[in-house]
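Engineer: Here's the letter readout for the chains.
2 protein chains.
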Amino acid sequence: MIAAHLKPPYYAVIFTALLTDNIEGYIETAERMEELAKEQEGYLGIESARNDVGITVSYWEDLNAITRWKNQVEHTEARERGRKQWYQQYQLRICKVEREYGFVKQ
Amino acid sequence: MIAAHLKPPYYAVIFTALLTDNIEGYIETAERMEELAKEQEGYLGIESARNDVGITVSYWEDLNAITRWKNQVEHTEARERGRKQWYQQYQLRICKVEREYGFVKQ
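Note that the protein sequences, when read in sequence, are chains A and B.
Position 85 (the first sequence) corresponds to 535 in my numbering; numbering is contiguous.
Position 15 (the second sequence) corresponds to 465 in my numbering; numbering is contiguous.
By construction, these hints were calculated from the structure, which means they are not laboratory data.
The model shown is predicted, which means the values in this text are computed figures rather than measured ones.
Incorrect hints may appear among the rest.
Since the list gives no way to pick one copy over another, a pair counts as held whenever it fits inside one copy or between any two copies.
[Stated by the list, open to error] Capping the alpha-carbon separation at 25 Å, the derived lysine-lysine pairs in PhoX-like fashion look like this: (1) K555 x K488; (2) K546 x K534; (3) K488 x K546; (4) K520 x K546; (5) K488 x K520; (6) K555 x K534; (7) K546 x K457; (8) K520 x K457.
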């Protein structure tokens with residue numbers, strides 16, 4: 451899914467990850483985290499794709515919403531399990547979306 | 451590949467796309483655009499993944515570098531072909547990266 455029709459300024463969290471060979475429980479947890487993110491105040495949207503590298507971009511109204519999501523208990527537990535088991539490497543970037551353009555084929 | 455070790459502030463272009471069924475020439479052009487982006491002044495890195503949706507995030511030193519890349523002739527031609535043939539829908543976001551965190555398994 452593409453998260454369209456958002457109005458800058460707002461925030462994006464770009465999460466890029468390489469997994470280990472031990473991904474038991476990963477898919478279920480990733481799906482649960484996506485459902486949980488959608489329930490958070492200030493959540494705007496999410497986009498996700500995976501090949502050898504996985505990219506998840508989540509969109510938020512402001513930095514406070516990102517901080518609350520970071521501190522959400524179940525999300526914190528999932529992140530800790532991720533560092534112990536699933537992630538070989540990741541990079542997380544917090545960005546202010548300043549402009550955006552959309553295209554839909556007619 | 452994960453683009454790590456970049457120092458905020460810098461800029462990210464998040465490009466999210468759904469393709470049509472007519473992707474003749476798409477892969478070759480996407481690879482050529484990635485090579486060409488790497489040659490541009492102010493280019494910092496690129497991350498890309500695809501399932502049903504494709505996400506490409508490119509990183510740039512400043513907004514001027516993004517504008518130059520937007521106006522680069524071969525890139526402009528590829529984008530026009532993309533709108534005519536390959537893209538069902540896309541969303542392009544220009545973002546200022548304010549903070550980042552990295553993790554590498556020891």
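Engineer: It remains to establish, for every hint, whether it holds in the given structure.
Structural biologist: Hint check:
1. K555 x K488: Neither: 28 Å inside a copy, 29 Å across copies.
2. K546 x K534: Classified as neither: same-chain Cα gap 30 Å, cross-chain 30 Å, threshold 25 Å.
3. K488 x K546: both (19 Å within a copy, 24 Å between copies)
4. K520 x K546: Classified as both; 17 Å inside a copy, 20 Å across copies.
5. K488 x K520: within (14 Å within a copy, 33 Å between copies)
6. K555 x K534: between (44 Å within a copy, 8 Å between copies)
7. K546 x K457: For K546 and K457, both the intra-copy (12 Å) and inter-copy (15 Å) Cα distances are at most 25 Å.
8. K520 x K457: Both. Shortest intra-copy (23 Å) and inter-copy (21 Å) distances satisfy the 25 Å Cα cut-off.
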